Amino acid sequence: MSFFGSLLGIIGFVTGIPFGLFLGFLVFIQTEPTDSFLNLHLQNPFIRTLQEFDTDSWIDILPELPLWVKQPDYERVDWLNGVIRDMWPYLDKAICGMIRSMSKPIFSDYIGMFPIRSIDFESLTLGTLPPIFQGMKVHILNADNLIFEFVAKWAGNPNITLVLNILFLPIKVQLIDIQTTAALRVTLKPFVPTIPCFSNVTVSIMDKPEVDFGLKVMGGDLMAIPGLYHFIQKLIKKQVASLYLWPQALEIPILDASIGAAKKPVGILRVKVVRANKLLKMDLIGTSDPYVQLRLSGEKLPSKKTSIKTKNLNPEWNEEFRLTVKDPQSQVLELHVYDWEKVGLHDKLGMQVIPLKLLAPQETKEFTVDLVRNLDPNDECNKKPRGSITVELTFVPFMEDPINFNGPIDLYMRRESVPKTFQNSLMNRAGLLLVTVIGAEDVEGKHHNNPYALVVFKGEKRKTKILKKTRDPKWNEEFQFMLDEAPLEETVHIEIISKRKHRAFGFGLTKERLGHVDIQLVDVVYNNCINEKYHLINSRNGVIHVDIKWNVT
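Mind the numbering: the sequence shown is residues 110 to 662 in the working numbering, read in order.
Possibly wrong hints are sitting among the right ones.
As the list claims (entries may be wrong) - No farther apart than 25 Å at their CA atoms in a straight line, the calculated lysine to any residue pairs in the SDA-like style are these:
#1 Lys325 to Ser232
#2 Lys390 to Tyr338
#3 Lys492 to Asp398
#4 Lys373 to Leu297
#5 Lys413 to Phe430
#6 Lys570 to Trp584
#7 Lys570 to Glu641
#8 Lys572 to Asn647
#9 Lys420 to Lys474
#10 Lys457 to Glu319
#11 Lys381 to Leu297
#12 Lys325 to Met211
#13 Lys583 to Met508
#14 Lys347 to Lys474
#15 Lys608 to Leu297
#16 Lys474 to Ser439
#17 Lys457 to Val383
#18 Lys570 to Ile215
#19 Lys457 to Gln348
Calculated directly from the structure, the hints in this document are not laboratory data. Keep in mind that this is a model prediction, so the values were computed, not measured.
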């Protein structure tokens, strides 16, 4: 009996599933809305006013409302969304082309490391869904720049597949289903009389962005690993915020510096970090290990840092720094106070900015400012006391029309031929030495031609970017050296070097020296600048073109 019961159960299971699916399909067909039903409800949608929503419904829909609904100073930009929607297929190809070209030199640096044989995109497309702008606000501050803010949302369907050939195993990494929301501030500055009428685009993020995406490795969903999804989300937000959260910014040059749009240094800001008072307690024992990081807005150079004061909520530094100023009317000094933990993590105790337009030339002024978490005046976290910091600032502008000799100086007779009063005035003045490596001609290596320029001055080394497969590189890169006195006795050493990966064993680097030159700076001091071409030593026909300026305070 049990045998026949089991057999009937199996027969019922096999025949019941198809029958149930067929019955469900018939019910679905009968209940599916017809075209006339859909057209009727689409033409006459059910609309409710905002006043009819209860509190719970308000909480659900509030994040989805565009900014022009919640904040009257934001304007609708339906026209912009329409333009981007129509241009998106072409923007997709253009952006992907830029990504490919920009990533090639980055990928080439890793080829040969960790035995990576090649890195390339198998597929690269941003999909068919463009981003949507939810409103825009324009700030008109002065005649030199334009600032506007907007919130962009993108729920895209990109297909970005990267293939890494490690040894003989290709590893595919696929990025899909990106969803992101970011509040951006874009600044167009400065205005110039050359199309497109501004020289730089500066982009900052006003708050930590919301980012969600899918990541597959060899077809497996990496985001399905417990704990990894939230870790990557937190890591991305922290890294993006540390690089581009306002007042940090991504500066995109639009016009070449040779057009004259780029601003040149106009002076030096002397900063003395004096002390801080009543800082936050970050350690378990009720203290902190603070240090101060400072930089000028709009600068790409690494920021200056004070020493670390361990276990101190009222530290005194009395440390001095010098920063190069390009626009004293618009630049601000950014002060960030961090806590240095033993594990090497950084916790921000607070920050503040001081506009340089508050300073008078040659006048030292002391500022004591309260620290805040960020510069958003509406952030509730800024109400929590974070202590204060005291700094002394002095803006020293460069001399607009310094005395010069308008000619070469005899290196052996310079002290006898130069008036002593003028010589003393030159040597006692601090200043900024600007070394611009414009380019080189006819530099040729025996095995490869990937040249870069190495600038060495008083033990400091600076490098230009590497230009691959060229004998006539054009760098146009500027390096700054701040000095306490005129470099009458100094020389600057510039060397051209070619570098490539060593592919024989999969690791290591090979370099070739293509020539060098040592330039005496006495002519630069007495004539304020030189712009010359020099024949390279240890090079057959190589020539280097440099521009060197000495700006006196």
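Taking the hints in turn, this is what the structure says about them:
1. Lys325 to Ser232: holds, 14 Å
2. Lys390 to Tyr338: violated, 31 Å
3. Lys492 to Asp398: Holds - the C-alpha atoms of Asp398 and Lys492 are around 23 Å apart, at most 25 Å.
4. Lys373 to Leu297: At roughly 18 Å apart (the allowed maximum being 25 Å), Leu297 and Lys373 satisfy the hint.
5. Lys413 to Phe430: holds, 7 Å
6. Lys570 to Trp584: Given pair Lys570, Trp584 holds - Cα atoms ~16 Å apart, limit 25 Å.
7. Lys570 to Glu641: holds, 21 Å
8. Lys572 to Asn647: holds, 20 Å
9. Lys420 to Lys474: violated, 29 Å
10. Lys457 to Glu319: holds, 21 Å
11. Lys381 to Leu297: violated, 32 Å
12. Lys325 to Met211: holds, 23 Å
13. Lys583 to Met508: violated, 30 Å
14. Lys347 to Lys474: violated, 35 Å
15. Lys608 to Leu297: Violated, at roughly 37 Å.
16. Lys474 to Ser439: With a Cα-Cα distance of about 18 Å, the restraint between Lys474 and Ser439 holds, given a limit of 25 Å.
17. Lys457 to Val383: holds, 19 Å
18. Lys570 to Ile215: holds, 22 Å
19. Lys457 to Gln348: holds, 14 Å
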